[in-house]
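Protein sequence lines, in the order shown, are assigned to chains A and B.
Numbering of the first sequence is given in this note's numbering, commencing with residue 1 and proceeding in unit increments.
Numbering of the second sequence is given in this note's numbering, commencing with residue 1 and proceeding in unit increments.
Keep in mind that a hint or two might mislead.
[Unchecked claim] Derived Cβ-Cβ restraints for the label pairs, each shown as a range: (1) B:S83 / A:E52: 25 to 35 Å; (2) A:R159 / B:E121: 22 to 32 Å; (3) B:E52 / A:D122: 27 to 37 Å; (4) B:A29 / A:G32: 44 to 54 Å; (5) A:P86 / B:S199: 29 to 39 Å; (6) B:A151 / A:A160: 57 to 67 Å; (7) A:I81 / B:E121: 37 to 47 Å.
Note that these hints are calculated values from the structure, not bench results.
Positions of the beta carbon are idealized from the N, C-alpha and C atoms, including for glycine.
Read off the chains here:
Number of protein chains: 2
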Amino acid sequence: MPGRCIEFFFDVGSPYSYLAATQMERVGARAGLPVRWRPFLLGGVFRATGNEMPARVPAKARYMIDDLTRWARHYGVPLRIPSRFPVVTLRPQRALVHVETTAPHALATAAMELFRAYWAEDLDPTSDAVLARAADVAGLPRDELLAAIEAQPVKDALRATTEEAVARGAFGAPTMFVGDAMFWGNDRLELLVESVRAS
Amino acid sequence: MPGRCIEFFFDVGSPYSYLAATQMERVGARAGLPVRWRPFLLGGVFRATGNEMPARVPAKARYMIDDLTRWARHYGVPLRIPSRFPVVTLRPQRALVHVETTAPHALATAAMELFRAYWAEDLDPTSDAVLARAADVAGLPRDELLAAIEAQPVKDALRATTEEAVARGAFGAPTMFVGDAMFWGNDRLELLVESVRAS
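Build the full structure now, drawing on both the sequences and the hints.
The structure is reproduced here in structure tokens:
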């Protein structure tokens, strides 16, 4: 089917978004589809849908650490549980919207830089220092990126993407779409590939 | 490691328990470990942990139907979304505790009979008619099984198993243990096998 792609809605504050992000290139190749990275705000999704972060339930929060560690081992990717979790991801997500707008070819690279800083290096993804790294890998002026975080069109674009995801059925992160078909979680990437291949 | 097994905590009212149940024989074979089926009460787990059923969030409930359908296709097992969901599973879970006590070799067979009735045939797993089928496949007198549902030792045993699962970290269903290692969801069966093989 021409024009199809995998839309990958993610938030750098979400560990399962990080795990999925490390696999998207491989998933796109296996599905034979391009991947469109779409930064959104998971906190906004939770507010709109009445869903809550899994770590709200203490027993689930304890389990999540083992679970994330197993996935990281399974994928062969680095993972360090951050000392600060959760964080408000408005700044990094807006920064990525700015990259999406001004250097779309560098969006995945910039997003991976923020993901790795938070989930592999235990750095603060909301800090100017880490955001500057995203600007660097995207080839954008640091000042411009930091200023964009406070720009109304960037704020509006992040809100619009979040509302779009919710309107299409999203309630968590990561959320992938192939057309109308929605898949939630890095643990559904294999079913996504299977579904694309069967259609 | 001698004496190890996969403990499979399940509730016939849980669709992801059904999906896992259809795979446990294969999972046990791949992990090289026997599977011990352990009926517990998911409602009791939710009450004890503050967790809630995923269908509480409307967007998640809508997604779950697609998700369950995809898993059923992936496994090649029948699935019909029941017209009555959720149901209070005290009666079937107690019936399975009775099977566990009096005919342990038949527990998996009896559990699969109840799972299939609810998740593939849209029958009421709390009804005498369906419970009688579980008695039949377990080779137990129907009257005895129906009477056992109201017996105090059976009630106590179901409560004890539920409390044990919670004490060990469970917050949902299905929950699998290999020793202290806990795995939640049919979507973690591959990680369970991987973890056993690596240890």
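Verdict for R159 (chain A), E121 (chain B) (Cβ pair) under range 22 to 32 Å:
Because 46 Å falls outside the window, the suggested range is violated.
Is 44 to 54 Å respected by the C-beta to C-beta distance linking A29 (chain B) and G32 (chain A)?
violated (33 Å)
So does E52 (chain B) sit 27 to 37 Å from D122 (chain A), Cβ to Cβ?
holds (31 Å)
Cβ separation of P86 (chain A) and S199 (chain B), checked against the hinted range 29 to 39 Å
Holds - the Cβ-Cβ distance for P86 (chain A) and S199 (chain B), about 31 Å, lies within 29 to 39 Å.
Could you check the hint for me, namely that A151 (chain B) and A160 (chain A) are 57 to 67 Å apart, CB to CB?
holds (59 Å)
Please test the hint of 37 to 47 Å on the beta carbon pair from I81 (chain A) and E121 (chain B).
holds (44 Å)
Between S83 (chain B) and E52 (chain A), is the Cβ distance one that fits in 25 to 35 Å?
About 29 Å separates the Cβ atoms of S83 (chain B) and E52 (chain A), which means 25 to 35 Å holds.
Violation of the numbered hints given earlier is confined to hints 2, 4; the remaining hints are satisfied by the structure.
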